[in-house]
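Undergrad: Spelled out, the chains give:
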Amino acid sequence: MQLAHLARSLGLEVEGDGTLEIEGLAGIDDAGPRELSFVTDSGYVRALEQSRAGAILAPPGLEVDRPCLRSPVPYADFGRAVALFFPRARPAATTHPTALVGEDVEIGEDVGLGAYVVVGSGCRIGSGTYVHPHVTLYPGVIIGRDCELHAGVRLRTGVRLGDRVVLQNGVVVGSEGFGFATDLHGRRVRIPHRCGVEVGDDVEIGANSTIDASHPGHARLGHAQPCTRIEAGVKIDNQVQIGHGCIVGAGSALCAQVGLAGSTVLGKHVFMAGQSAAKGHVTIGDGALIGGATSVTSEVAPGAQILGVPPGMDRRRWARIVAAWKRLPELLVRVREIERRLGSSD
Amino acid sequence: MQLAHLARSLGLEVEGDGTLEIEGLAGIDDAGPRELSFVTDSGYVRALEQSRAGAILAPPGLEVDRPCLRSPVPYADFGRAVALFFPRARPAATTHPTALVGEDVEIGEDVGLGAYVVVGSGCRIGSGTYVHPHVTLYPGVIIGRDCELHAGVRLRTGVRLGDRVVLQNGVVVGSEGFGFATDLHGRRVRIPHRCGVEVGDDVEIGANSTIDASHPGHARLGHAQPCTRIEAGVKIDNQVQIGHGCIVGAGSALCAQVGLAGSTVLGKHVFMAGQSAAKGHVTIGDGALIGGATSVTSEVAPGAQILGVPPGMDRRRWARIVAAWKRLPELLVRVREIERRLGSSD
Amino acid sequence: MQLAHLARSLGLEVEGDGTLEIEGLAGIDDAGPRELSFVTDSGYVRALEQSRAGAILAPPGLEVDRPCLRSPVPYADFGRAVALFFPRARPAATTHPTALVGEDVEIGEDVGLGAYVVVGSGCRIGSGTYVHPHVTLYPGVIIGRDCELHAGVRLRTGVRLGDRVVLQNGVVVGSEGFGFATDLHGRRVRIPHRCGVEVGDDVEIGANSTIDASHPGHARLGHAQPCTRIEAGVKIDNQVQIGHGCIVGAGSALCAQVGLAGSTVLGKHVFMAGQSAAKGHVTIGDGALIGGATSVTSEVAPGAQILGVPPGMDRRRWARIVAAWKRLPELLVRVREIERRLGSSD
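Residue numbers (this note's numbering), protein chains in the order written: chain A, 6 to 351; chain B, 6 to 351; chain C, 6 to 351.
Going by beta-carbon spacing under 10 Å, a handful of chain A positions derived as facing chain C: (1) Ala-94; (2) Asn-213; (3) Met-318; (4) Val-327; (5) Glu-344.
Distance condition first, Cα-Cα at most 20 Å in a straight line; then the derived PhoX-like pairs of lysine-lysine: (6) A:Lys-331 with C:Lys-331; (7) B:Lys-331 with A:Lys-331; (8) C:Lys-331 with B:Lys-331.
Stretches of chain B that chain A covers, calculated by requiring three or more beta carbons in the stretch to come under 8 Å of a beta carbon on chain A: (9) 67-81; (10) 203-211; (11) 236-246.
In case anyone wonders, no lab produced these hints; they're calculated from the structure.
Ideal Cβ placement from N, Cα and C applies to all residues, glycine included.
Next comes chain A alone, as it looks inside the complex (with noise of 0.2 Å):
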């Protein structure tokens, strides 16, 4: 594809040679002499230099050396080159006869059941959505228009998706919340989780990751609904737990493997590297950062950058100050013993 095909394709501006052919993408430091690569901002410059890109797209002002499209958001249109160059053909918007759908379901134009998807009765599915195989909706499921529900999703009674939701392989929404009470004889006893799990619009969910159900009972910290929420734009990696009566605020992005427990509130824009986790009952913030594998056990104010991980390093190292924490408390009084002395002696 020439690069002038490619602008008019991405609707960009091309400066220089316009008959470049283009014959893939690649990142900066990969890409050759024919592929298209990309640059968000000045601090890849030298990389940009050494790189044998044979064409860049870069955010204007930025000077570059070779042949160019212009982008105010050089990455999202990266993206859009990566859907040009591979292009990947949507399946067919009709039922497969081994689907099954059942009693008063609703289901919009241009939707796509795949083999053995299961509908229970009552779902109402919007148009331009698309089920793969092997996914179960429960009875009585909400889903809004143009989602993709990938193979192996399973959504329970309560659930209710907004537009332009993706749920990759293997997610789990409205399973029942770990909530058990103890009953007369010191058995535990579930409480049923039975207020269902609303999930807003543009909302991504990585594979593998569950997001519970809620129940009545929930302190929801003075907000009015009482279920799981999951707000417009957030984006959820893969194997991600969200407990019963979570709010995760509208555009926040939760990486892999983090857990909230029930009940947290999590601001808009908050972000959660790998691994981190937020006890239950906690606030969040708007547009915190939460560090990877960092446990969050308290109120963490808006803006905050918080970290908790202590960093990997040679174990004979590490075992030497793990043996010094142990000392730390009485070397804080002994320390203070000292400067009693120092100063009695001045």
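We have chain A; now place chains B and C onto it with these hints.
TA: Using the frame of chain A, we list chains B and C on its own:
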């Protein structure tokens, strides 16, 4: 529903105006004047004073300023009220025409098999059990009475479930454990894990949790049966991983994303908070409590309360602390030297 | 089975009474007088003395006081004995009538496709491979010879498996990685991940693990192929997460709940213990060993042994240590001041 009617349904006594119309249920902070809430002990006195709840489930002896249902176990009875208010139809106890049942399968009375269920040869399924769509039972699986297996559960050969077991979506029981030997050519070769998994009565396992089968070579720390074992009444949350040859003692509770390495032995009524883990071949005593994200690396005494998670904090402050750790072993030496000099100068 | 017969089946030499009747297998601490156990080296001498095992698999040169099978790799041969004692019928190499096979699919000889399997168009499945029920193969997936895919596995377009690959239940390979760009309106938009995943020969992946596909923009640290790659002989435990663009070098082993953020590169024969993690874009050298629950945040040299997990301890003692940490930076200053004063007083 009138409060007096609700009281009768739950077998509880009403105090105050039994004609109060109850329209819903909510936590103490959220409940309105036509909603029932609950308090479990005197720690809720303040919340109760400020609550707008129309009626309260409360333990005997706790003073309540409004209509009240008395219960020795208010949270458990709140759970029963949830089931009354939000009833969920049990799926029909019938075999869906697309459920495939192998040879020599024994199925009890009132068993439901959902769409596209696959039951391998030689399985046994107890009366009153319901198997949701898309469940796979490998040959020879044994399931007790009144169990519920949610969509996407996979049970491998060698798995045996007790009565009233509930498996949420995507649970895998009996997958081959992570056990490999090194062969003559230095390659890892699989040790076949064929001793199965035994799951006791009243166990519940959360979505996408995995429990591995064991093999007969596992050191079992004196226990006779060579298999992974989850004892009666254990409750397991989502995304928990239990390695080969583990024993989880009766009444224990494992929160989300907990990991037990192979041959871990938990006593009875152990509680492990979210993301905590145990190194293999350790024993955790009865009633021990393991804090969130804490790694257990040696024996834990019965009743011990174990913690080991650094609290997340401002990332710059954290960086200073970590930097100081690295000088801590030398600091101990320096303080000892100071003490020596001061001692001689006394 | 007589010991001599067992020896012949395993191709090993028997020492002592070959007529001993072996009824089962067990670990050294549990084995009884009619059971075979194993020891791998002289570290087991004490256990062997105390063992009631009737016969032992032992390495050459180790003195054994009872009937014995000599093997240079006793644990590996114990595994072969397990397979002999607990044989498991391989499912028939037939296509179940409910398996759906798309257009232009190439299937080798002796391939088994279980009930309700869905094979997308253009897939290729090598000879001797068995696909259990409820597996989804998206269009274009390529699978080698003698693989086994357990129930509920999902392989997305762009995935290519080598020979003898085993995928436990619920494994997802090729899901879209967690890669989003910000568009002109400040919203996160997906970068399509279309570079697939390559899985080498003899790889095994544990239940509910997830491996993401990559996109061509991934910095690949000098590696040529723009895809996530799991090299030959890698063994992956349950609930492991491998992000987009990672490379896991040949012969590496990743224990349960390990997480690799995007573009992590592992050398050959790396070992990562349970719940450990690597920050993205770092390299871990050949033969490195990462301890349990340890976070790797920078480059790891070949052969390094890295640890960073605080040991769980009594929670009050832990609280004192954490409180002392917070005063540690100031403590360093105080000790320096003491040293200054003492130095000048000398």
